[in-house]
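Visitor: Using the sequences provided together with the hints, build the complete structure.
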Amino acid sequence: MQTRSLFFRVNTALVVLLFFFTSSVMFPTLADARKSENRTRTSIHKSGHKGGSRDRRPNRDIKRKTNINVNIRNDRGYRYDGRRHHYHRDYHRHNDVGRALVVGAIAGLVVGSVVTAASMPPACSDVYVNGYPYRQCGSTWYQPHYAGSQVNYVVVSPPR
Amino acid sequence: MSNRWRSRIGMLLISAPFLMLSTTGCLAAQPAASEVEDEILIQPEATAALTEMGNYLNSLKSFTVISEMLMDEVLLTGQKILVTGTTKYSTRLPDRLQISSKIEGIDRDHEYYYDGKTFTIYGNQDKYYALFDAPDSIGKLLDIAQDQYNIEIPLRDLFYWGTEKNRMVDVQSATFIDQSRISGTLCNHYAFQQEDVDWQIWIEDDDTPLPLQLVITSKLENGQPQYISTMTWDVAPQLPDGTFVFTPPEGAHKIDIAVFDDPEESTQQ
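Chains U and Z are the protein sequences, given in the same order. In this text, residue positions in the first sequence follow full-length UniProt numbering: the first is 1, and each later residue adds one. In this text, residue positions in the second sequence follow full-length UniProt numbering: the first is 1, and each later residue adds one.
It should be emphasised that the hints constitute simulated quantities derived from the structure, not laboratory data. Treat the hints with care, since some could be wrong.
Stated by the list, open to error - Pairs of lysine to aspartate or glutamate, EDC-like flavour, derived with a Cα cap of 16 Å:
no., chain 1, residue 1, chain 2, residue 2
1, U, LYS46, Z, GLU52
2, U, LYS46, Z, ASP198
3, U, LYS46, Z, ASP143
4, U, LYS46, Z, ASP196
5, U, LYS46, Z, GLU152
6, Z, LYS140, Z, ASP115
7, Z, LYS254, Z, ASP143
8, Z, LYS127, U, ASP81
9, U, LYS46, Z, ASP147
10, Z, LYS219, Z, ASP170
11, Z, LYS127, U, ASP126
12, U, LYS46, Z, ASP115
13, U, LYS46, Z, GLU221
14, U, LYS46, Z, ASP170
To be verified - Quick list of simulated restraints, FRET-style, between CB atoms:
no., chain 1, residue 1, chain 2, residue 2, range
15, Z, THR51, U, SER157, 28 to 38 Å
16, Z, GLU104, U, ASP126, 35 to 45 Å
17, Z, GLY251, U, GLY82, 25 to 35 Å
18, Z, LYS117, U, PRO158, 34 to 44 Å
19, Z, ASP170, U, PRO158, 47 to 57 Å
20, U, GLY112, Z, THR185, 29 to 39 Å
21, Z, LEU131, U, ASP126, 15 to 25 Å
22, U, VAL110, Z, LYS140, 32 to 42 Å
23, U, GLY112, Z, ASN124, 26 to 36 Å
24, Z, MET168, U, GLY131, 26 to 36 Å
25, U, ASP81, Z, LEU131, 39 to 49 Å
26, U, TYR128, Z, THR185, 21 to 31 Å
27, Z, LYS254, U, PRO158, 39 to 49 Å
Bear in mind the structure is a predicted one, so any value in this text is a computation, not a measurement. Backbone N, C-alpha and C define an ideal beta-carbon position, used for all residues, glycine too.
Guide: In structure tokens, the structure reads:
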């Protein structure tokens, strides 16, 4: 009887752990379904040079009520040269969601990671340091910048 | 047995010429059909109407236009969501432009200012603004905004038609459909095809040939989403200089704006 209940306890713990693990993997996928490829053309004329650049623009988030996933990237798609934020035209944000969630939860966010406004954690506060706007979410600091007509946030070292 | 084979070979020999005839007939019919299509593919009256509209637009010194839009957003699941929005353009040619653009459903509420020297983007929701040095005409500005800063200004065509930037060569077919009314105004309805988009335009049927409605179908995208814009025009607006100059509202903060590199250029670094 004693050993049996121990077995049950271990078993229950395992099931609960497994549930949390799978749901953490599943959530980004569900949130992903709300994203749009967003390539509806709003002009018949393509852009001026190298015409095809329109086809390689990043995806956009459709408005959502809840922000479950943390949507981060820090790779070839983005770089900051100290003066300007640069994006590659061929980056696709949604590919990294699942991995980023796990990395973010375990290791904390790496300086230079880019998060879309829609994917920012909900509990953050606006802080202004030397007139520059930042968002502080716990111990992580973000700096906003425009990427096209949307605001993205890049993880920065604490400014103070 | 041999009799049956003989009759089979006989039938084959008899039918062979007919088979050959019908095959060559089929092959010959194909190019003939497309030749006929080629002849009616581009109706001169449709392209002439576009030229006339472009020339009229280009003759305007200044105008305001309010575009009510409907746009399909295709989700990764393939589901299509129709979002609505309003964009107001205040223009003084060749180098003044102010745009207020609001799209519900994707959280867009932006203002754009171009005063001939600087382009500013301002978000009404987060109150961030960013700016970059602008060239000396609206056409050049729209190219740079799109290519270098990935800022998509809807309905850029209004500033391309009637200029050297208009690309009539991309049009593969041009057809007059019928006359119909947009917001009570009699219009001529034309349909055009390009490699990447099909589009339809309703042009006012009087001595002010303004586009009153534009529909663009993105053919190369999943679900072939559509963008529909219905326009209300004022061709003699009072637009003081201040209209085009951005003055940061209280609580607004300046932030950086990202430059979008082409992959081939960035890999060289």
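Visitor: Work down the list of hints and note, for each, if the structure agrees.
Guide: Comparing the hints with the structure gives:
no.: 1; hint: U:LYS46 to Z:GLU52; verdict: 22 Å, violated
no.: 2; hint: U:LYS46 to Z:ASP198; verdict: 13 Å, holds
no.: 3; hint: U:LYS46 to Z:ASP143; verdict: 9 Å, holds
no.: 4; hint: U:LYS46 to Z:ASP196; verdict: 10 Å, holds
no.: 5; hint: U:LYS46 to Z:GLU152; verdict: 11 Å, holds
no.: 6; hint: Z:LYS140 to Z:ASP115; verdict: 13 Å, holds
no.: 7; hint: Z:LYS254 to Z:ASP143; verdict: 23 Å, violated
no.: 8; hint: Z:LYS127 to U:ASP81; verdict: 25 Å, violated
no.: 9; hint: U:LYS46 to Z:ASP147; verdict: 10 Å, holds
no.: 10; hint: Z:LYS219 to Z:ASP170; verdict: 14 Å, holds
no.: 11; hint: Z:LYS127 to U:ASP126; verdict: 12 Å, holds
no.: 12; hint: U:LYS46 to Z:ASP115; verdict: 24 Å, violated
no.: 13; hint: U:LYS46 to Z:GLU221; verdict: 15 Å, holds
no.: 14; hint: U:LYS46 to Z:ASP170; verdict: 10 Å, holds
no.: 15; hint: Z:THR51 to U:SER157: 28 to 38 Å; verdict: 57 Å, violated
no.: 16; hint: Z:GLU104 to U:ASP126: 35 to 45 Å; verdict: 25 Å, violated
no.: 17; hint: Z:GLY251 to U:GLY82: 25 to 35 Å; verdict: 28 Å, holds
no.: 18; hint: Z:LYS117 to U:PRO158: 34 to 44 Å; verdict: 37 Å, holds
no.: 19; hint: Z:ASP170 to U:PRO158: 47 to 57 Å; verdict: 51 Å, holds
no.: 20; hint: U:GLY112 to Z:THR185: 29 to 39 Å; verdict: 54 Å, violated
no.: 21; hint: Z:LEU131 to U:ASP126: 15 to 25 Å; verdict: 21 Å, holds
no.: 22; hint: U:VAL110 to Z:LYS140: 32 to 42 Å; verdict: 38 Å, holds
no.: 23; hint: U:GLY112 to Z:ASN124: 26 to 36 Å; verdict: 29 Å, holds
no.: 24; hint: Z:MET168 to U:GLY131: 26 to 36 Å; verdict: 50 Å, violated
no.: 25; hint: U:ASP81 to Z:LEU131: 39 to 49 Å; verdict: 19 Å, violated
no.: 26; hint: U:TYR128 to Z:THR185: 21 to 31 Å; verdict: 50 Å, violated
no.: 27; hint: Z:LYS254 to U:PRO158: 39 to 49 Å; verdict: 21 Å, violated
Checked against the numbered hints above, the structure violates hints 1, 7, 8, 12, 15, 16, 20, 24, 25, 26, 27; every other hint is satisfied.
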